[in-house]
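If you're matching them up, the sequences are chains A and B in order. Quick note: my numbering has the first sequence finishing at residue 113, numbered continuously throughout. Quick note: my numbering has the second sequence finishing at residue 1112, numbered continuously throughout.
One should not assume that every hint holds.
The following residues of chain B were derived to be distant from chain A, with all beta-carbon distances above 10 Å [claimed, not checked]:
no. : residue
1   : GLY1028
2   : ASP1085
3   : GLY1094
Sample of chain B residues at the chain A side, in silico, Cβ under 7 Å [to be verified]:
no. : residue
4   : GLN1042
5   : GLY1043
6   : LEU1046
7   : TRP1083
8   : PHE1100
9   : PHE1102
10  : PRO1104
11  : LEU1111
Lysine to any residue pairs mimicking SDA-like chemistry, simulated, CA-CA at most 25 Å apart [unchecked claim]:
no. : chain 1 : residue 1 : chain 2 : residue 2
12  : B       : LYS1068   : B       : GLY1041
13  : A       : LYS78     : B       : GLY1041
14  : B       : LYS1049   : A       : LEU96
FYI, nobody ran anything at the bench for these hints, they're computed from the structure. All residues carry an ideal CB built from backbone N, CA and C; glycine is no exception.
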Amino acid sequence: DAGVIQSPRHEVTEMGQEVTLRCKPISGHDYLFWYRQTMMRGLELLIYFNNNVPIDDSGMPEDRFSAKMPNASFSTLKIQPSEPRDSAVYFCASSLGVWTEAFFGQGTRLTVV
Amino acid sequence: AQSVTQPDIHITVSEGASLELRCNYSYGATPYLFWYVQSPGQGLQLLLKYFSGDTLVQGIKGFEAEFKRSQSSFNLRKPSVHWSDAAEYFCAVGAQGQNFVFGPGTRLSVLP
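This is chain B alone, in the form it adopts within the complex (with noise of 0.2 Å):
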């Protein structure tokens, strides 16, 4: 059955430091990936999202992915953390006639 994995359940950074957050999957079918950011008492808000061609992809806010395919990995990164960027960050992965399933998030803190 397919699934998402986020390592980190939860992960401190400081200020103007870098972030990557880690995401690994397991589908049949070439995957759909996703990463979705989810401010406190706020719905979800898209970041960036794959589908094929360059596997560097880059998002909203200042954020980038790259997808691994040998490694089954979408992990999420910034180079510049900003206090702003305190949040819930998802997972999603989706394929053709395969359910969308998100991962269990990674809750991020930044400290000034």
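Pulled out of the complex, with its shape left as it was, chain A reads as follows (with noise of 0.2 Å):
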């Protein structure tokens, strides 16, 4: 398997637009993450999915974000509209378990300006 698999790796936007980040998870996790890392805040966990429903999306800062996750092998983080304060680097992730190892991709670094 060639990993959890993010796209693009790096989105340069203005603000005001809307930004999709996408994941391919490894196939058979049935456990789905998203993280937002900055600087400021470190690692946050946005939402995660099981069996391709959300499960806890309490970490969304904002209505201006939502993600889904219409199959088992691709999920969406969507942004609309972005702001400079949403600039971080998106992670996804992806576990057997809630509680097992959860592999991550390389990240999407996106910056707003």
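Using the hints, put the two chains back together into the complex; each one sits in its own frame.
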């Protein structure tokens, strides 16, 4: 397996634009996690899915953020409208169980100008 | 509320020296404990984890960690550091019914 694949690796967008981050988890993994990493706040869990169903979205900062998992092999994190304070590295991770090893993608570095 | 602290923001050691990275947690339930490593520009990789049993856990790349319930600690150790160990290290804690939380990270620099 190629591991968790995220796209794009880098995204630069203007404030107010819609941004969509994509993730392909490892095949067979039932859990998918979205994290945000910033210097100020470190790693924050935004939302996680089990079998494509959102389980806990309490970490999603605002209504401008939404995440979907239409099938077992694809998830998106959308920000609409984007703001400069959304600039961060966004990681997707997947795992077999909620407490088993999480495999991380390489992240998407988002810059909102 | 649950929390994870890593008291050292940045540590510098010489290659070949021993290493200990500290992690303390505050959790109401029996915790699940993890150490992850992040190399520059990369995602995180699991080094080791503790769920139960032997409190000394062996991981990959020669790392080990010891769970001390009385001290609410899960410190990471390595007897001899290699230059390739330079990275950011994250302690993470979870528990049944509680969110998974990462510590702020410790950046390790290795001198030749």
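Right, here's what the structure says about each hint:
no. : hint                     : result
1   : GLY1028                  : holds, 17 Å
2   : ASP1085                  : holds, 18 Å
3   : GLY1094                  : violated, 6 Å
4   : GLN1042                  : holds, 6 Å
5   : GLY1043                  : holds, 3 Å
6   : LEU1046                  : holds, 5 Å
7   : TRP1083                  : violated, 22 Å
8   : PHE1100                  : holds, 6 Å
9   : PHE1102                  : holds, 4 Å
10  : PRO1104                  : holds, 5 Å
11  : LEU1111                  : violated, 24 Å
12  : LYS1068/B with GLY1041/B : violated, 32 Å
13  : LYS78/A with GLY1041/B   : holds, 22 Å
14  : LYS1049/B with LEU96/A   : holds, 15 Å
Going through the hint list in order, the structure does not satisfy hints 3, 7, 11, 12.
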